[in-house]
Amino acid sequence: MELTPHTPSNGGRPRVLFEGFTEEESAELQQAGVLVGTIEQMKAWARANSLWPLTFGLACCAIEMMGAGASHYDLDRFGIIFRASPRQADLMIVAGTVTKKMGPLLRRLYDQMPDPKWVVAMGSCATAGGPYVRSYSVMKGVDQTVPVDVYIPGCPPSPPALIYGLTKLQEKIRTDAKRKVGRL
Amino acid sequence: MFGFLKGLAVTISRLPKKKVTLQYPEVKPEWPERFRGIHEFIPERCIVCNQCARICPTSCISLSGTRGEDRKLRIDTYDINFEICILCDLCTEVCPTEAIKMTGEFELAAYSRDQLYKNMEWLYQNYLRHSGAKELEAGTGETGGPGEAGVGAAAGGGAASEQKAGGTDE
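Chains B and C, in that order, give the protein sequences. 1 is the number of the first residue of the first sequence in our numbering; add one for each residue after it. 1001 is the number of the first residue of the second sequence in our numbering; add one for each residue after it.
Bear in mind the hints are in silico, worked out from the structure with no lab data behind them. Note that beta-carbon positions come from the ideal geometry of N, C-alpha and C, so glycine has one too.
Dumping the calculated SDA-like pairs for lysine to any residue here, alpha-carbon to alpha-carbon at most 25 Å:
1) K1018/C / R77/B
2) K1101/C / V133/B
3) K178/B / P1025/C
4) K43/B / A1110/C
5) K140/B / G1037/C
6) K1028/C / S71/B
7) K178/B / V34/B
8) K1101/C / Y132/B
To be clear about the criterion: a stretch of chain C counts as covered by chain B if any three or more of its residues have a C-beta under 8 Å from a C-beta of chain B, and this derived list gives those stretches:
9) 1016-1027
10) 1100-1114
From just these sequences and the hints, can you work out the full model?
Below, the structure is given as structure tokens:
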């Protein structure tokens, strides 16, 4: 499904070009008010617009994550509603320093999440260890235990930076569905 | 029952007031002047004194330079491992020529960790996108610091020809 900028020729309405259809067929489908897409694309549309993150706040990044959820930045606008249980979540925002003691628990919570699931590494600590990169007790990035989809650098990243990262994740969910390489 | 009404009274009293939510993806936030985003780097100003690399608490800066024929050090490579950069601003504070500065750029989320390694070319382009663009708009706009005259001329030349060309010839 592809949108073209609207032109005066089609009455100011944006013209939709569906995949696998010619231009005339697409115009006819649009006339009839029919939308055509793969099931994967439809699922991706739904998933990308209702990401329910598991709050994995471990350090100061969690404060920024809470700030992003509060009224000034309001993650609810994007359909992102924090859940306190891994069973209800499909996204894990790892916000903060993951110690080697916490690593196995992080993995267990990830395993408890139902598929499809995504992980966002928020901040320098979750990405690569950050200021504790030479520490004996801190994991050098959460990608050592769980597969990470989006890395957000910053120490801590500001709420807009987090929102930008989540927008990138939504983009990724949509593109993966198009490429048909999405997970499950 | 009364608790419910009390809560509702708060909700209703908020209704006519101004909305506090910032429309971030549509409207870019206005940061304070000294907001710390990712760095910008101006290679002409760098004197390869290594102070930024030495003061960096996470050692995320690595640089190298060579001595030219005029006995002056020229920067060759300048890399910031932004994965572990904690944006402490110390590199900016110690830099004697203000070659490295912070910008308001924060949209840096990436799909892979490799994309968070920023080299000199990227950082110079970042300069052109931020304060470089502002300086060019306001004429030369160069003030303070040693060796500024040459930099101003170089920046002015870049403005006269083309901004993109000014970036690639570094």
